[in-house]
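S.K.: Residue numbers (this note's numbering), protein chains in the order written: chain A, 514 to 817; chain B, 192 to 364; chain C, 76 to 407.
Because the hints were derived from the structure by calculation, they are not lab data. We put the beta carbon where it would ideally sit given N, CA and C, even for glycine. Check before you lean on any hint, since a few could be wrong.
[Stated by the list, open to error] The calculated PhoX-like cross-link candidates involving lysine-lysine, where the alpha carbons are at most 25 Å apart (straight line), are:
hint	chain 1	residue 1	chain 2	residue 2
1	C	K138	C	K214
2	A	K649	A	K673
3	C	K214	A	K649
4	C	K138	C	K156
5	C	K214	B	K286
6	A	K596	C	K402
7	C	K395	A	K596
8	C	K280	B	K286
9	A	K522	A	K562
10	C	K151	A	K673
11	C	K156	A	K673
12	A	K562	C	K404
13	C	K214	A	K753
14	A	K569	A	K537
15	C	K363	B	K286
16	C	K363	C	K135
17	A	K522	A	K569
18	C	K135	C	K214
19	C	K280	C	K214
20	C	K151	A	K649
21	C	K395	B	K243
[As the list claims (entries may be wrong)] Simulated restraints, written as ranges between beta carbons of each label pair:
hint	chain 1	residue 1	chain 2	residue 2	range
22	C	S403	A	E713	40 to 48 Å
23	A	P628	C	D386	55 to 63 Å
24	C	Q209	B	P263	46 to 54 Å
25	C	A284	A	A534	51 to 59 Å
26	B	Q334	A	P801	55 to 63 Å
Okay, here's what each chain looks like letter by letter:
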Amino acid sequence: MAVKIDMTKLTLGPILFHWPAQQKIDFYARIADEAAIDTVYLGEVICSKRSPFFDKHYADVTERLERGGKTVVFSTLAEVMLKRERNMMAGFCEEEDHLIEVNDTAGLFHLNGRPHMIGPLMNVYNEDTMRYLASKGATRFCLPPELPGPSVAVLCEHAKELGVSIEVQVFGRTSLALSARCYHARAHGRIKDNCQFVCEEDPDGMPLDTLTGQRFLAINGIQTLSHTYLNLLPELDALKSMGVDHFRLVPHTQDMVAVAQIYRDTLDVKTSADEAESKLASLDIPAPFANGFWHGLAGHQRVQ
Amino acid sequence: MTQHSATLAPPKFRPHLPVLPLFPLQPILKRIVRRIGAENPDMFNRLGPHTKARYLIDATNLPFTLLLQPDPENLSLTAHFRTSPPDHDARIAGKFLDLMRLLDSDIDGDALFFARDLIITGNTEAVVCLRNALDDVDGSIAQMVADMFGPLARAALARLRRVANKPVTKDTQ
Amino acid sequence: MTSPELVCPAGTPAALRTAVDAGADAVYCGFQNATNARNFPGLNFTVPELERSVAYAHAKGTKVLLAMNTYPPAGKQALWKDAIDTGIRLGVDAFIVADIGVAHYIATTYPDARLHLSVQAAASNPESIRYYCQEFGVKRVVLPRILTVPEIRNLAAEVPCEIETFIFGNHGLMVEGRCSLTNYITGLSTNLDGVCSPAAQVEYKRDNAGNLTTQLGEFTIDCFGCDETAGYPTICKGRYTTPAHDGGYYAFEEPISLNLSSLLPDLIGAGVHALKIEGRQRSRAYVKKVVSSFRKAVDDISSGRTAQLADLLALTEGQKETQGAFKSKTWR
Chain A
514 MAVKIDMTKL TLGPILFHWP AQQKIDFYAR IADEAAIDTV YLGEVICSKR
564 SPFFDKHYAD VTERLERGGK TVVFSTLAEV MLKRERNMMA GFCEEEDHLI
614 EVNDTAGLFH LNGRPHMIGP LMNVYNEDTM RYLASKGATR FCLPPELPGP
664 SVAVLCEHAK ELGVSIEVQV FGRTSLALSA RCYHARAHGR IKDNCQFVCE
714 EDPDGMPLDT LTGQRFLAIN GIQTLSHTYL NLLPELDALK SMGVDHFRLV
764 PHTQDMVAVA QIYRDTLDVK TSADEAESKL ASLDIPAPFA NGFWHGLAGH
814 QRVQ
Chain B
192 MTQHSATLAP PKFRPHLPVL PLFPLQPILK RIVRRIGAEN PDMFNRLGPH
242 TKARYLIDAT NLPFTLLLQP DPENLSLTAH FRTSPPDHDA RIAGKFLDLM
292 RLLDSDIDGD ALFFARDLII TGNTEAVVCL RNALDDVDGS IAQMVADMFG
342 PLARAALARL RRVANKPVTK DTQ
Chain C
76 MTSPELVCPA GTPAALRTAV DAGADAVYCG FQNATNARNF PGLNFTVPEL
126 ERSVAYAHAK GTKVLLAMNT YPPAGKQALW KDAIDTGIRL GVDAFIVADI
176 GVAHYIATTY PDARLHLSVQ AAASNPESIR YYCQEFGVKR VVLPRILTVP
226 EIRNLAAEVP CEIETFIFGN HGLMVEGRCS LTNYITGLST NLDGVCSPAA
276 QVEYKRDNAG NLTTQLGEFT IDCFGCDETA GYPTICKGRY TTPAHDGGYY
326 AFEEPISLNL SSLLPDLIGA GVHALKIEGR QRSRAYVKKV VSSFRKAVDD
376 ISSGRTAQLA DLLALTEGQK ETQGAFKSKT WR
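Make the full structure from the sequences, and use the hints.
M.R.: Structure, rendered in structure tokens:
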């Protein structure tokens, strides 16, 4: 058992939302000092317009996290369209001291076979795609959240054979769609070029409800996420036994140090899934939990 | 899913239309639908699991409605008074001319729906399957039916088509 | 000016013949299963139907492009490989693919087969497109509907393959291939199962006043007053509420269709090789009208005349049309 415990890594995905720079700095300082996290992914994945706010802080934050014993990986933009975005992607891929997590195919072009990771916004759904990308330098695959458990199991088998590792998101809102249009700006009667960064008002996403008052989705600029929070605590055992070795938490404004500890303790079998679940529920998560995708059902559903 | 009469929109037939007995119509309808089925056997494949579905075809400006069950084993099309609509799984409602042109793929069903001139309730998938099945039938079903009933029917169809192709004026019904 | 290829939809053999007869240079279609992104009930082709359809199209000089543009889930790739093998046997002119594994299978098993990169691959920049060309020998890319015409012009100069753009039809708001909204609500995936708002989970509820409520799964997508035009029951065309906005609003886009007829000369001038009409799920009536209108327009432009385009508004969703992202960056 001890060997298995050491093999599971808890990771913190990139901050998807537009938090003020100081909030991010403070957040990562606390993660560095207190969180039971092994790997932290840094980088603006959603909107290139947000990047300048934090670019100058990456070096310090990286150093701080590494001093806290964390491995740092840089996550690329997920949508590359404009000249500025293409330059960002190219520049990112020149990074040599840290691994890159690629979220758009443009990254594969630039990396040209150098070792890298594949992010959850890339479409790796099957073993042929995984095998091909592994042959071109991919060493870890964070799978798309909609992939059901049985497919993840098949990919884990092939990953062992290929010597690559598999990561799955286990906590937080689930990314459901990307667009070229900014829906945050649209809600405020603006366009993307004149958004005035209204997305900063919703640090966990802007709620979108149906006309009949049902909680439905969350908007984050060009990204649409689930209203529900993914929670795979009850499934962690199954994931581990399949061979998933990295477990991703998506950062929210809730107490991520506490969230990390709950997941870490569950992975280490120090706490039961039931107990972990009630601890997680006590953290004021502003939405119901869901795990439907994992069970091959509608993603908003929760299978107990 | 079964849509009962209570949930249907109120009938909109023209009050001046005489109330006809429906029984003479039934054998004619049976002949029509069997003929269409016999000439287009591939059509049923597109219905998938919905060959047993009961479709209420509701031409809102006719005094009666039709119930279609596209079961290749027992194809049936029957007429029913509006006052006693039969149980059904899906209802497709629109003006008679629109429905006829739809049957012939002379107009686009989605376009009618967008314009709110076509009403779909009940089992949406069954309706989509029926639409796709009929859309794959080459030629004109209306013409085939008219041909079955001789020169008078052909003349009536030609007249209907002239009406249908007139510039659109809002029918106030 | 070289004449671009007019690429037209076919959901059934009858629609395919209609498109061919209306002047399509190429038709695209798919099998009756999850291997294509319009896996809708009652739609698409059986193997014998496709065989007859290829013969019909080829006899009239029209190409047949086989949509193989979904992502096989792990452990289920056999269905896709089988469909590709069949497509090769039937002599289709190209495969429209999105998945890297699928592209690799075709490129290595059938190196002479022509590959088009589907819009579902979401390749929106020259580097991504060059990646697919370099790795799998892709000959044409179908661009996501998110670029302006000047951006397309710049892109065309930087990629070593042909460019295809949509010119008419349904206007999905999310980047294709990067949307799992349907799966979140229904348990069926656009990428994996080829469905978007599956009809089996769509319900139209009409009240006595004529108001129409559209529901997908257990969620309300929209409610149309009796005097409003309607749209497809897709999540990205629904009306929702949020604290920042007064009342229900189209959070993503209103029911509206893309119509680039007035931009055709600009698109052709920008170096677009193929013009695509969306609508495999539409009727023969739609195919006939839209294909023949655009056939005439493209011919007019190619021979230096001003294109006269028939009014296609009646066929558009919500009976509204837009030039979407193509006209101006303000769309974003």
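S.K.: Evaluate each hint against the coordinates.
M.R.: Hints versus structure:
Distance hint between K138/C and K214/C is fulfilled; the C-alpha atoms sit about 15 Å from each other, no more than 25 Å. Between K649/A and K673/A the CA atoms are separated by roughly 17 Å; this keeps the pair inside 25 Å, and the hint holds. At roughly 22 Å between alpha-carbon atoms, K214/C and K649/A fall within 25 Å of each other, so this suggested pair holds. The suggested pairing of K138/C with K156/C holds, with an alpha-carbon distance near 21 Å, which does not exceed 25 Å.
Restraint check: the Cα-Cα separation between K214/C and K286/B comes to about 48 Å, which exceeds 25 Å; the hinted pair is violated. Simply put, K596/A and K402/C have alpha-carbon atoms about 18 Å apart, close enough for the 25 Å limit, and the pair holds. As the CA atoms of K395/C and K596/A are separated by approximately 32 Å, the hinted pair breaks the 25 Å bound. In summary, the hint linking K280/C to K286/B is supported, as the alpha carbons are separated by about 19 Å, within the 25 Å threshold.
With a CA separation close to 32 Å, the supplied pair K522/A and K562/A exceeds the 25 Å bound. With a C-alpha separation of about 19 Å, the suggested pairing of K151/C with K673/A holds against the 25 Å cut-off. Under the criterion of a C-alpha separation no larger than 25 Å, the hint pairing K156/C with K673/A is consistent with the structure, at around 24 Å. A hinted pair counts as satisfied when its Cα atoms are at most 25 Å apart, and K562/A with K404/C qualifies at roughly 15 Å.
Restraint check for K214/C and K753/A: not satisfied, since their Cα atoms lie roughly 42 Å apart, outside the 25 Å limit. With a CA separation close to 12 Å, the supplied pair K569/A and K537/A stays within the 25 Å bound. Distance restraint check for K363/C and K286/B: the Cα-Cα separation of roughly 23 Å lies within the 25 Å cut-off, and the hinted pair is therefore satisfied. For the hint linking K363/C to K135/C, the alpha-carbon distance of about 16 Å falls within 25 Å, and the restraint holds.
Between K522/A and K569/A the CA atoms are separated by roughly 28 Å; this puts the pair beyond 25 Å, and the hint is violated. Among the hinted pairs, K135/C with K214/C is consistent with the structure: their alpha-carbon atoms are about 23 Å apart, no more than 25 Å. Proximity of K280/C to K214/C is assessed by CA-CA distance (about 46 Å); at most 25 Å being required, the pair is judged violated. This hinted pair checks out: K151/C and K649/A have alpha carbons roughly 23 Å apart, not beyond 25 Å.
Taken as a hint, the K395/C and K243/B pair is broken in the structure, with Cα atoms around 37 Å apart against an allowance of 25 Å. S403/C and E713/A have their C-beta atoms about 26 Å apart, which leaves the hinted 40 to 48 Å range violated. Checked against the hint of 55 to 63 Å, the pair P628/A and D386/C passes, with Cβ atoms roughly 56 Å apart. Between Q209/C and P263/B the C-beta distance comes to about 52 Å, which sits within the given range of 46 to 54 Å.
Between A284/C and A534/A the Cβ separation comes to about 52 Å, which falls inside the hinted range of 51 to 59 Å. Checked against the hint of 55 to 63 Å, the C-beta distance between Q334/B and P801/A comes to roughly 56 Å, which is consistent with it.
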